[in-house]
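Visitor: As given, the protein sequences belong to chains A and B, one line each in that order. Under our numbering, the first residue of the first sequence is numbered 76, with each subsequent residue one higher. Under our numbering, the first residue of the second sequence is numbered 34, with each subsequent residue one higher.
Keep in mind that the hints were calculated from the coordinates and are not lab data. Note that beta-carbon positions come from the ideal geometry of N, C-alpha and C, so glycine has one too. Take every hint as true, because none was put in to throw you off.
Which chain A residues stay away from chain B? Per the calculated CB distances, all over 10 Å, these:
(1) 83
(2) 152
(3) 153
Below, in silico cross-link-like pairs of lysine to aspartate or glutamate (EDC-like), each with a Cα-Cα straight-line distance of 20 Å or less:
(4) A:188 with A:256
(5) B:89 with A:102
(6) A:115 with A:102
(7) A:201 with B:74
(8) B:41 with A:169
(9) B:89 with A:120
(10) B:84 with A:225
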Amino acid sequence: MNEIELVERAKTGDTKAFEELVKKTQDKIYNLGIKFFGNKEDAADLLQETYIKAYESLPSFEGRSSFSTWLYRIATNFALMKLRKEKYKKISIDEIKKRVDGTYDRNDLSDWKDNPYFHYRNEELKEILSSAIDSLPLKYKTIFILHDIEGLSVEEVAKILSLSIPTTKTRIHRSRLYLREKLSDYFKKKGN
Amino acid sequence: MDCKRIIKLISDYIDKEIEETEREIFEQHIRICKRCEAILESIEKTILLSKLLYKKKKIPKKIEKALYYQIRIRYKK
Ligand SMILES: [Zn+2]
Numbered sequence: 076m077n078e079i080e081l082v083e084r085a086k087t088g089d090t091k092a093f094e095e096l097v098k099k100t101q102d103k104i105y106n107l108g109i110k111f112f113g114n115k116e117d118a119a120d121l122l123q124e125t126y127i128k129a130y131e132s133l134p135s136f137e138g139r140s141s142f143s144t145w146l147y148r149i150a151t152n153f154a155l156m157k158l159r160k161e162k163y164k165k166i167s168i169d170e171i172k173k174r175v176d177g178t179y180d181r182n183d184l185s186d187w188k189d190n191p192y193f194h195y196r197n198e199e200l201k202e203i204l205s206s207a208i209d210s211l212p213l214k215y216k217t218i219f220i221l222h223d224i225e226g227l228s229v230e231e232v233a234k235i236l237s238l239s240i241p242t243t244k245t246r247i248h249r250s251r252l253y254l255r256e257k258l259s260d261y262f263k264k265k266g267n
Numbered sequence: 034m035d036c037k038r039i040i041k042l043i044s045d046y047i048d049k050e051i052e053e054t055e056r057e058i059f060e061q062h063i064r065i066c067k068r069c070e071a072i073l074e075s076i077e078k079t080i081l082l083s084k085l086l087y088k089k090k091k092i093p094k095k096i097e098k099a100l101y102y103q104i105r106i107r108y109k110k
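When you get a sec, could you build the whole thing from the sequences and use the hints?
Guide: Spelled out as structure tokens, the structure:
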């Protein structure tokens with residue numbers, strides 16, 4: 076049975092069909108939680124809240140988006156609510172803009188090609204990137220996770236977050252440039 | 034097109050959200066401009082590295098059980 080049929084059945088109260096939908100999507104939502112929070116406990120909470128809400132709201136699901144996009148939307152909203160209370164120090168949006176707009180003017184563009192510190196197993200580098208992602212303002216962090224890490228399309232992300240396509244694109248672009256800058260900083264420090 | 038304009042287009046290029054004519058101009062520029070080429074490449078590497086930060090995990094059994102428990106107690110209502 077495909078997703079649409081399962082949703083139709085689940086809407087009529089077929090709990091087996093609902094559980095089938097959960098089975099098909101649970102790993103995705105759990106992993107999304109890990110990406111948002113970085114720990115199992117919060118990811119497990121997110122998982123529960125998402126499916127409870129999905130079960131309760133199923134009668135009003137109209138199928139305008141796919142079931143998994145709809146789930147992502149529920150999960151992302153829960154995550155945002157929780158993350159807003161987080162104490163992690165965020166950088167300001169102005170700071171991002173300032174750094175990103177300067178990308179061209181800075182003359183120290185390091186060529187990563189021959190950089191001995193750039194390799195995919197450099198744990199220190201991963202650590203830097205990971206905390207840089209955490210330090211992004213929520214609006215940016217969410218988008219970066221959904222688009223660049225999770226691999227959802229610009230259109231899907233815009234739908235999930237109820238944003239316009241241009242706004243979504245701008246935030247994707249700025250997040251990338253900012254994170255790239257952070258890695259460049261690290262290389263510069265290592266070079267000295 | 035100048036470098037600033039090219040840098041603005043980088044993400045659209047990576048996401049294949051760029052128009053055909055712009056894409057051609059973009060690629061032409063990248064071929065002759067080392068700086069923009071380096072920026073494009075480093076952004077692509079940043080994205081790839083970000084993806085590698087997370088290995089896909091299966092839900093631990095305990096968490097899965099708790100999930101189904103939470104769902105099922107709502108069925109009878
Ligand atoms: Zn250039």
